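Colleague: The lines below spell out each chain.
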Amino acid sequence: MPLKRRQIAWRAAQDLADGAYVNLGIGLPTLVSDFIPEGREIVLHSENGILGVGPAPGANEVDPDLINAGKQPITLVTGGSYVHHTDSFLMIRGGHLDLALLGAFEVAENGDLANWTTDDPGFPPGVGGAMDLAVGAKEIRVLVEHTTKSGAPRVRRRCEYPLTAAAAVRRIYTDLAVIDVTREGLVVREIAEDIDFAGLQAKTEATLRPAPDLRPLRAPPV
Amino acid sequence: MIDKRVRNQAEAVSGIKDGSVVLCAGFGGAGLPDALCEALIEQGARDLTVVANNAGTGRTGLAALMAAGRVRKIVCSFPRSSGSVVFEELYTAGKIELELLPQGTLSERMRCAAAGLGGFYSPVSVGTRLADGKEHREIDGRMYVLEKPLKGDVALLAADRGDRWGNLTYRKSQRNFNPTMAMAADLAIVQVRQIVELGELDPEMIVTPGIFVDRVVQVAF
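Residue numbers (numbering that gives the first Met the number 0), protein chains in the order written: chain W, 0 to 221; chain Y, 0 to 220.
Note that these hints are calculated values from the structure, not bench results. Careful: at least some of the hints might be erroneous.
Across the chosen pairs, the derived CB separations fall in these ranges [as the list claims (entries may be wrong)]:
1. Y/R192 - W/N59: 17 to 23 Å
2. W/R217 - Y/G117: 50 to 56 Å
3. Y/P208 - W/R217: 51 to 57 Å
4. Y/P208 - W/L213: 54 to 60 Å
5. Y/K133 - W/G26: 24 to 30 Å
6. W/T206 - Y/E203: 55 to 61 Å
7. W/Q71 - Y/I138: 36 to 42 Å
8. Y/I138 - W/G18: 28 to 34 Å
Far from chain Y by the CB rule (all over 12 Å, computed), these chain W residues [said to hold, decoys possible]:
9. K3
10. A16
11. L30
12. V42
13. G57
14. G184
15. P211
Source: prediction; values computed, not measured. Cβ atoms here follow ideal geometry from the backbone N, Cα and C, with glycine treated the same way.
Given these sequences and hints, build the entire structure.
Modeller: If you want it as structure tokens, here you go:
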């Protein structure tokens, strides 16, 4: 079965290293905070100046002065701190974050990332912190559904949409596979059950290669 | 004697000229100088260039200033967010100019102006359309684009507490762009929730020291 959205987030969370400083992008990556494995201390960064983002507050604990990058109310964990914007982006741009988990419209086989605009004339463009994160964090991983709703592949030879950053992405988590971006191209580490390698390739524009130890992609019902 | 306190919002925004570059702090709903933006409508300055992360939400604060037709151009990183109806109307009608910048570039350009620097080389946006027309330079094997300083004539700010010297503290993510914008404008005006006696703010907790602040007004928000 292909993974559901929350299961993609669960799978990405399993790879978080104890002690890592991590930024979670808006959308699918935000769900990762629900699945941080027991026993690991992960410090979540929010671009608007928060180190140590905690879970959503209860209905009576909402504080309008405490929001995340998606403008939703949050809490601060014990040990958390606040910085101003310039220092927050210094953390991002200066390579102080171990990892950023980002959403994407498209990822290319060389790690190019497109996640900030679809050039829809009905929407004024907005870039926010997308380019800073894609360039600055030590490692970029992407969480994305393998195809669009109409079935078009999101893992491509080249991005059709305008780039956020060139050759940025190292790992891609989808509902069908976990794929690493390597110098030799895209290597499939894990593949969902009920789809074979040829089936996965058919849903992917870029050429895929199986890892020698290709494993099944599984997630609990979450 | 130094006393930067002013009696009301109208006094706080007095003297702002037509054509000013106005740095407007805030991120989402936190740290927004809504009362000052609305006082600026009454004050009457026109043809403004506003620098802000978001292009206003709802019909209050910055959105109200834009709806009143006072903003010619907005420089921001993320104009469209839930509730940015006024901006979308003006943009679609071709009534407002937009300069889009990566968020960290926006902030660092203002810090550069504050620090008296002529610009900086950033790796952000290299290889994207937001680098079009910018000077590129390879430094130690990595490509960068030149970003110039961004200075304000005025900064409109929001803080938690302030004193008559203009020392400021913030609450939680209200801080966001406020400290940088305070430093990057010729005239820094701040609305605070509470004005306190000089000496009441713990020096270790002051985030924006008064040297950067010109006017302080207490506003319930």
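Colleague: So, against the hints stated earlier in the document, which numbers end up violated here?
Modeller: No numbers; nothing is violated.
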